[in-house]
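Assemble the complex: chain A is given as a structure, and chain B with the ligand must be docked to it using the hints.
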Amino acid sequence: MVERQSPLEPVLQVGSHGNFEHGVDIILSETQPGSILQLAAWPGEEKKLISVIRTVTGLALPDGAGGGSTDGARSVFGFAPGKFTVVDEAEGLVSAFAGAVTPAIGTVTDLSHGRTAIRIAGPKAEWVLAKFFAIDFALPAFPVGAGRSTVHHDVFAQIQRTGADQFDVYVFRSFARSFWKALCHASEEVGYEVQ
Amino acid sequence: MLITCPYCGPRDVLEFTYQGDGNRERPQPASQNLDAWNAYVYDRLNPAGDHNEIWQHSGGCRSHLRVVRNTLTHEISSTTFARGDHKSAARHKAGGKS
Ligand SMILES: [Zn+2]
Numbered sequence: 001m002v003e004r005q006s007p008l009e010p011v012l013q014v015g016s017h018g019n020f021e022h023g024v025d026i027i028l029s030e031t032q033p034g035s036i037l038q039l040a041a042w043p044g045e046e047k048k049l050i051s052v053i054r055t056v057t058g059l060a061l062p063d064g065a066g067g068g069s070t071d072g073a074r075s076v077f078g079f080a081p082g083k084f085t086v087v088d089e090a091e092g093l094v095s096a097f098a099g100a101v102t103p104a105i106g107t108v109t110d111l112s113h114g115r116t117a118i119r120i121a122g123p124k125a126e127w128v129l130a131k132f133f134a135i136d137f138a139l140p141a142f143p144v145g146a147g148r149s150t151v152h153h154d155v156f157a158q159i160q161r162t163g164a165d166q167f168d169v170y171v172f173r174s175f176a177r178s179f180w181k182a183l184c185h186a187s188e189e190v191g192y193e194v195q
Numbered sequence: 001m002l003i004t005c006p007y008c009g010p011r012d013v014l015e016f017t018y019q020g021d022g023n024r025e026r027p028q029p030a031s032q033n034l035d036a037w038n039a040y041v042y043d044r045l046n047p048a049g050d051h052n053e054i055w056q057h058s059g060g061c062r063s064h065l066r067v068v069r070n071t072l073t074h075e076i077s078s079t080t081f082a083r084g085d086h087k088s089a090a091r092h093k094a095g096g097k098s
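As you go down the protein sequences, you meet chains A and B in turn.
Just so it is clear: in the first sequence, position 170 is 170 by full-length UniProt numbering, and no numbers are missing.
Just so it is clear: in the second sequence, position 16 is 16 by full-length UniProt numbering, and no numbers are missing.
Isolated chain B (complex conformation):
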């Protein structure tokens, strides 16, 4: 499986670390909403198809990435920097996905 890092280009999956489900929304740290915390910790969509994920290019530029991966085919349809406001400042690889 290859993941196309927006900075480094296509790299082997061994260079990346899975950081978890990208659909979760973390409650505010002071939140006492137990349902929200429960959902954050335990609820997963577990789709058969496209899945939003967070990966880190730990064996490369070390950027955190938003990846859409198909859980049936492993096809990756999109890879972007997880930090949205960094996108404009980043120098994208020519031909790379942005």
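Pulled out of the complex, with its shape left as it was, chain A reads as follows:
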């Protein structure tokens, strides 16, 4: 495997920043998953693709648009009709899917080197993300495991809620550094820690 270099490397400064005298309300980190895949089903083949995802990852997709789930190491969520993002801490997930998603079912696209995964956690995670994206981050509207596709200016972002106050944001690798810097600025007022 090609050794990957993080686009955040020059700007990721571990430690506490901003207004943290009264505590840290945001924790930022790069999760660096080994595999990030996009799966797409042809019209009418969606149920088959969902069962393939279950077989390969062990993750069941709840019904409904944007539904998803995570077990900590692996995550999956719908981001468009018949389309899913599947993430694994380990590399090589694409080969597990390559044989299972037959040409009759749909397609597999390996985006592992094309996306950067940023985790924002803490009691003010909803508050900070709401400054970026015009979507409802409240838990009843955006349950744990669910995914959303949206944009911050022209930076396309896929967001999965992986905990009550934790979100994983997938952005284009080429935009990741500027997005990270913006996220840091937005977190300054509440105090943030980079891990």
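No lab work stands behind these hints, which were simulated from the structure alone.
The C-beta atom is built at its ideal place from N, Cα and C for all residues, glycine as well.
Fair warning: there could be bad hints in the mix.
[Said to hold, decoys possible] Pulled a few chain B residues facing chain A out of the computed Cβ check, cut under 8 Å:
#1 Y7
#2 D12
#3 G60
#4 R62
[Said to hold, decoys possible] Okay, the calculated beta carbon distance ranges per label pair:
#5 A104(A) <-> L72(B): 43 to 51 Å
#6 T17(B) <-> P140(A): 28 to 36 Å
#7 E75(B) <-> A130(A): 23 to 31 Å
#8 P62(A) <-> T17(B): 27 to 35 Å
[What the hints assert, rightly or not] Some residues of chain A that are not near chain B, with every Cβ distance over 10 Å (derived):
#9 F137
#10 V190
#11 G191
Structure of chain B with the ligand alone, referenced to chain A:
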């Protein structure tokens, strides 16, 4: 202005791209009917009221949508997937328009 995407739910209009008048009918590519091509390229109903439009949720699920928008009030009375045969396969958002 909010557009309720059948997949994503209500989203700001900034997430969408206007793809043009939804009333046009494109002639077959080999057609030499100049009147039909002329109508496709130039003729518009330009109604003061409900208007059929094609939008893409470009900053979201990227689906192409059929939208009925009132040109006087901007009220949107209907949003569906443009690809009709995909409707049955799509997993609709609970409470979303279908
Ligand atoms: Zn959408």
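Beyond 10 Å from each Cβ of chain B, as asserted for F137(A): holds, 13 Å
Go ahead and decide if the range 27 to 35 Å is satisfied by the Cβ distance of P62(A) to T17(B). holds, 30 Å
Restraint check, 8 Å cut-off on beta carbons, for Y7(B) near chain A: holds, 5 Å
Given the hint of 43 to 51 Å, check if A104(A) and L72(B) actually sit that far apart at their C-beta atoms. 48 Å Cβ-Cβ, so the 43 to 51 Å window holds.
Tell me if R62(B) is really an interface residue toward chain A, meaning its C-beta lies closer than 8 Å to one of theirs. Holds, because the Cβ-Cβ distance from R62(B) to chain A comes to roughly 6 Å (cut-off 8 Å).
Evaluate the given range 23 to 31 Å for the C-beta pair formed by E75(B) and A130(A). holds, 26 Å
Residue hint D12(B), partner chain A, criterion CB-CB below 8 Å: Nearest chain A Cβ about 5 Å off; hint holds.
Just tell me: holds or violated, for the beta carbon distance of T17(B) and P140(A) against 28 to 36 Å? Holds, at about 30 Å.
Against chain B, does G191(A) keep a CB gap of more than 10 Å to every residue? holds, 29 Å
Over 10 Å to the closest beta carbon of chain B is the bar; see if V190(A) clears it. holds, 24 Å
So, G60(B) near chain A? Judge it on the closest CB pair being under 8 Å. holds, 5 Å
Violated hints are absent here; each numbered hint is respected by the structure.
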